[in-house]
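These protein sequence lines are chains A and B, in that order. Just so you know, the working numbering puts 54 at position 60 of the first sequence, and the rest follows in order with no gaps. Just so you know, the working numbering puts 319 at position 325 of the second sequence, and the rest follows in order with no gaps.
Treat the hints as calculated values from the structure; they're not laboratory data. Each hint should be verified, as a subset may be incorrect.
Put simply, identical chains are the same to the list, so a pair is met inside one copy or across any two.
[What the hints assert, rightly or not] Pairs of lysine to aspartate or glutamate residues, derived as EDC-like cross-links and limited to a Cα-Cα distance of at most 20 Å, are as follows:
1. K9 <-> E417
2. K476 <-> E304
3. K462 <-> E479
4. K487 <-> E469
5. K297 <-> E446
6. K462 <-> E182
7. K354 <-> D308
8. K42 <-> E191
9. K142 <-> D14
10. K354 <-> E293
Number of protein chains: 2
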Amino acid sequence: MKYIIGIDVGTTATKGVLYDENGQKVASAQRGYPLIQEKMDQAEEDPKLIFDAVQDVIFSLSQKRKITAISWSSQMHSLIGLDENKELLTNSLTWADNRAKNVVKKAKADGLAQKIYQQTGMPIHPMAPVYKLFWLKQEKPKIFSRVKYWLGIKEYLIYRLTGKLVEDLSMAAGTGLLNLKTLTWDQELLSQVGITEKVLPKLVKSSDIVGSVKEEYRQKLDLDENTKVIAGASDGYLSTIGVGAIDEADFAMNVGTSGGVRCLAKKSIIDKKAQFFCYPADQGYLIGGPVNNGGIVFEWARKVLLGPNESAEDFLTLAQSAPVGSRGLIFHPYLGGERAPIWDANARGSFVGLTRSHTKAEMARSVIEGIIFNLYDASHAIIQSAGKPHAIRITGGFVQSDFVRQMLADVYNLPIIAMKNSEGGTLAAMFLGKQALGLSPDLSGIRKFTSEEKVYFPNPENVVRYQKILPVYREIENDLAKSYEKLAYLQNKLQ
Amino acid sequence: MKYIIGIDVGTTATKGVLYDENGQKVASAQRGYPLIQEKMDQAEEDPKLIFDAVQDVIFSLSQKRKITAISWSSQMHSLIGLDENKELLTNSLTWADNRAKNVVKKAKADGLAQKIYQQTGMPIHPMAPVYKLFWLKQEKPKIFSRVKYWLGIKEYLIYRLTGKLVEDLSMAAGTGLLNLKTLTWDQELLSQVGITEKVLPKLVKSSDIVGSVKEEYRQKLDLDENTKVIAGASDGYLSTIGVGAIDEADFAMNVGTSGGVRCLAKKSIIDKKAQFFCYPADQGYLIGGPVNNGGIVFEWARKVLLGPNESAEDFLTLAQSAPVGSRGLIFHPYLGGERAPIWDANARGSFVGLTRSHTKAEMARSVIEGIIFNLYDASHAIIQSAGKPHAIRITGGFVQSDFVRQMLADVYNLPIIAMKNSEGGTLAAMFLGKQALGLSPDLSGIRKFTSEEKVYFPNPENVVRYQKILPVYREIENDLAKSYEKLAYLQNKLQ
Chain A
-5 MKYIIGIDVG
5 TTATKGVLYD
15 ENGQKVASAQ
25 RGYPLIQEKM
35 DQAEEDPKLI
45 FDAVQDVIFS
55 LSQKRKITAI
65 SWSSQMHSLI
75 GLDENKELLT
85 NSLTWADNRA
95 KNVVKKAKAD
105 GLAQKIYQQT
115 GMPIHPMAPV
125 YKLFWLKQEK
135 PKIFSRVKYW
145 LGIKEYLIYR
155 LTGKLVEDLS
165 MAAGTGLLNL
175 KTLTWDQELL
185 SQVGITEKVL
195 PKLVKSSDIV
205 GSVKEEYRQK
215 LDLDENTKVI
225 AGASDGYLST
235 IGVGAIDEAD
245 FAMNVGTSGG
255 VRCLAKKSII
265 DKKAQFFCYP
275 ADQGYLIGGP
285 VNNGGIVFEW
295 ARKVLLGPNE
305 SAEDFLTLAQ
315 SAPVGSRGLI
325 FHPYLGGERA
335 PIWDANARGS
345 FVGLTRSHTK
355 AEMARSVIEG
365 IIFNLYDASH
375 AIIQSAGKPH
385 AIRITGGFVQ
395 SDFVRQMLAD
405 VYNLPIIAMK
415 NSEGGTLAAM
425 FLGKQALGLS
435 PDLSGIRKFT
445 SEEKVYFPNP
455 ENVVRYQKIL
465 PVYREIENDL
475 AKSYEKLAYL
485 QNKLQ
Chain B
-5 MKYIIGIDVG
5 TTATKGVLYD
15 ENGQKVASAQ
25 RGYPLIQEKM
35 DQAEEDPKLI
45 FDAVQDVIFS
55 LSQKRKITAI
65 SWSSQMHSLI
75 GLDENKELLT
85 NSLTWADNRA
95 KNVVKKAKAD
105 GLAQKIYQQT
115 GMPIHPMAPV
125 YKLFWLKQEK
135 PKIFSRVKYW
145 LGIKEYLIYR
155 LTGKLVEDLS
165 MAAGTGLLNL
175 KTLTWDQELL
185 SQVGITEKVL
195 PKLVKSSDIV
205 GSVKEEYRQK
215 LDLDENTKVI
225 AGASDGYLST
235 IGVGAIDEAD
245 FAMNVGTSGG
255 VRCLAKKSII
265 DKKAQFFCYP
275 ADQGYLIGGP
285 VNNGGIVFEW
295 ARKVLLGPNE
305 SAEDFLTLAQ
315 SAPVGSRGLI
325 FHPYLGGERA
335 PIWDANARGS
345 FVGLTRSHTK
355 AEMARSVIEG
365 IIFNLYDASH
375 AIIQSAGKPH
385 AIRITGGFVQ
395 SDFVRQMLAD
405 VYNLPIIAMK
415 NSEGGTLAAM
425 FLGKQALGLS
435 PDLSGIRKFT
445 SEEKVYFPNP
455 ENVVRYQKIL
465 PVYREIENDL
475 AKSYEKLAYL
485 QNKLQ
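Build the full structure now, drawing on both the sequences and the hints.
Encoded structure:
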């Protein structure tokens, strides 16, 4: 039997899944690593520790088996600098690192941020390496000038295993330096940053074979010269195709602690208000929005409105006892600022519309409705540009109950397909390996590896109610948005 | 020993207190009556039932004692119509009757409401008899044309006892028909309504003796020809002087279920934004704002955030555990719409500024802070016009804890005097009786009948914190106000 290892390089851990040649999961392994958050807005990781974790995972899965390919699903937007000997000069600045926020503020004011979005599809947010480069140049000019190679975490791991400096399009798109039209590094932006193409990895396809594992790691990791390292792709792209959302007909939505909605479009689409990203991929363009406030807000409400000892089940039961629309009580879920659809790190949560007859049950229900309204608005901008899908394929901890799934169907007015597989990332990485090895011709073959748990259809009466609430929800959000910055400033002063 | 009976004609009950000639309380009695709320926004009372209650109260207090005077503290803004024989044609339309709201909306749009406020000091609100008259003329033209005498509940009670149709200035001011400058019925407004001065009571002073009790009631109520009936005044005016707030140096604030802040100014003051009322009284002008959202909001939060079995004490303990300013969580207390300072019946409550680190304790504290911010803003408009007082004299169920009293001192940045006496209305009514009988020369004598429980001084650190929060609280309120009407409409549709 031959095997492919799909590796998902996450923010807090790397997970590997061993698949046999039929695409069946055989084993899995996971190793964690710390996030370094010593300063305000800092969120770094040590690339060496991640490489150690990856080696551990591969070794624990290879076990004298015939591993034909190692493929990758990776966290996006990280930035690492190497010196002329390709030794580390920096940690990995992860997507969660917000220190470039003032750079973004300035770039927004002078129009550069809008230009970057227009040219690259990268949203206006400090997570993008393009802003991190401006920030490093300004704040740490010595390190900036010593760096001879800039790359992300997946590129670093592939470099360590194979000696090759390559980056697939889906990851390159997340840097804010890849031109959406030419699919090459954007020369104009590079010169504005003050770098050249030479310091960036060579662009490849996700299903390209990068090469073989270097001698030293073959022995160490129990692999041989026939083990191919595949370029792999971003976790955003792979978790989308990994639930079978392979064209505009289906959107993929994952809501765990945070959430995201994505679809694979045939053409690149740019939004006037920069509400969604557009990242080129092997086949088509990944359009989508990452949402900060998913299950983490549900968890907050469970603890604050009920109590630390009450369960999620208790909270759902209470919420379910309130009528659809929570009798006009509106909740904005921005407890952790927000990315899509409003892209405002200072955004805050709110309950608006309270009357004396509102109960705890309605407060609870409004929280869940608010989380879903926000997911819907993140999707809505995409729907307006890419067209209405036939269904939404959902995964994640927040969408495990019939109640929440039905509410999604009612708010979206679309069939909601709850997916069984929650490991879309490694599954799709494995599938890239199959493509690379010539075992699968195109993306459509991935569907047979995915399976649906249940489909939820909209209730027309509830749809009408939610359609009445949504404009008011949006209008109030719009009014509140004017005060978010002042509110954040006040809260900072009151600390 | 001689006695004076002070009667407080409230919305749900009439309370009478028997005072001896030294001003000591000897006995009290109370009788309730129902509020008729059969239609949307209706809130009527049967004047005959109220007169029955008043007779019961007088009879239970007189008891063969030598009663030298009966004096009144009365609910304001009621309207009753009598026919040519002075028989009832309508119930009493109380201050809580909101059926004239569309009349007010129209009057606001065409500028009449602003003119009424400018000329009479009566806020723009359907509770004012002037708007009720327009409404009756439009909705019940037959009754309107049959009415030969319009009066309020106190005037009706005095008429029944003495046969005289008189109204003191403080009650007349609450009709919206009394000219602030001339202190006579406003001819221009009367003609706009379509009535003449003849249908309204004769204007008298609060401390005027109206006359003796009619023969039939002397026997029935155990009184004699020496019992004088005093004109009395509005409960707003009397509860103010009844805690010793007899000039601009002291404000009076009462917060029970709802609340109000008032002061007695030497001159009449009109606000550009119509945020407060200005009612002439015997000595000076009563400036103030009635606030809907007091202890009733505290009660709501206790039940919804804690639970129906938790006590007010539990809620205060929880709130007290959160830091001053609730870490920037802002609560607007408009659960029951609001009169002063925003005068918007569609206003709704809100929590704004939620982050993941906010706890139930901070939500609880923010509720109390929000109630007090709103009281402060109702006072603030008055302070800006009438000047800063030396202290605030407080009474009512909401202000019984050290915690709430200290918060008032910190938000107001003023000494807060908690008063012992909670029966300021009947006390001041009794005092009017003493003035009428020549036993007390002027208002300043009332101070010796009031007593202070404790004085609370501002904590400078907390003052600074609240001063930082208030502008943000106001700005957000201002932004939210744009959606109140839409929100109320939505909630109505979702019923």
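The hints, checked one at a time:
Within a single copy, K9 and E417 get their C-alpha atoms as close as 10 Å, which meets the 20 Å cut-off; across copies the closest is 72 Å, which misses it. In this homomeric assembly, K476 and E304 never come within 20 Å of each other (Cα to Cα): the closest approach is 36 Å inside a single copy and 37 Å across copies. With identical chains, the CA atoms of K462 and E479 are at most 20 Å apart between copies only, with a shortest distance of 14 Å across copies and 29 Å within one. Taking CA atoms no more than 20 Å apart as the test, K487 paired with E469 passes between copies only; the shortest distance there is 17 Å, against 29 Å inside one copy.
Within a single copy, K297 and E446 get their C-alpha atoms no closer than 32 Å, and across copies no closer than 43 Å, so neither meets the 20 Å cut-off. When the C-alpha separation of K462 and E182 is checked against a cutoff of 20 Å, the pair qualifies neither within a copy, at 46 Å, nor between copies, at 45 Å. When the C-alpha separation of K354 and D308 is checked against a cutoff of 20 Å, the pair qualifies both within a copy, at 12 Å, and between copies, at 18 Å. Taking CA atoms no more than 20 Å apart as the test, K42 paired with E191 passes in neither setting, with 25 Å inside one copy and 93 Å between copies.
With identical chains, the CA atoms of K142 and D14 are never at most 20 Å apart, being 40 Å at best within one copy and 97 Å at best between copies. In this assembly of identical chains, K354 and E293 lie within 20 Å of each other by CA distance both inside one copy and across copies; the values are 16 Å within and 13 Å between.
In terms of the numbered hints stated before, the structure departs from hints 2, 5, 6, 8 and 9, listed from lowest to highest.
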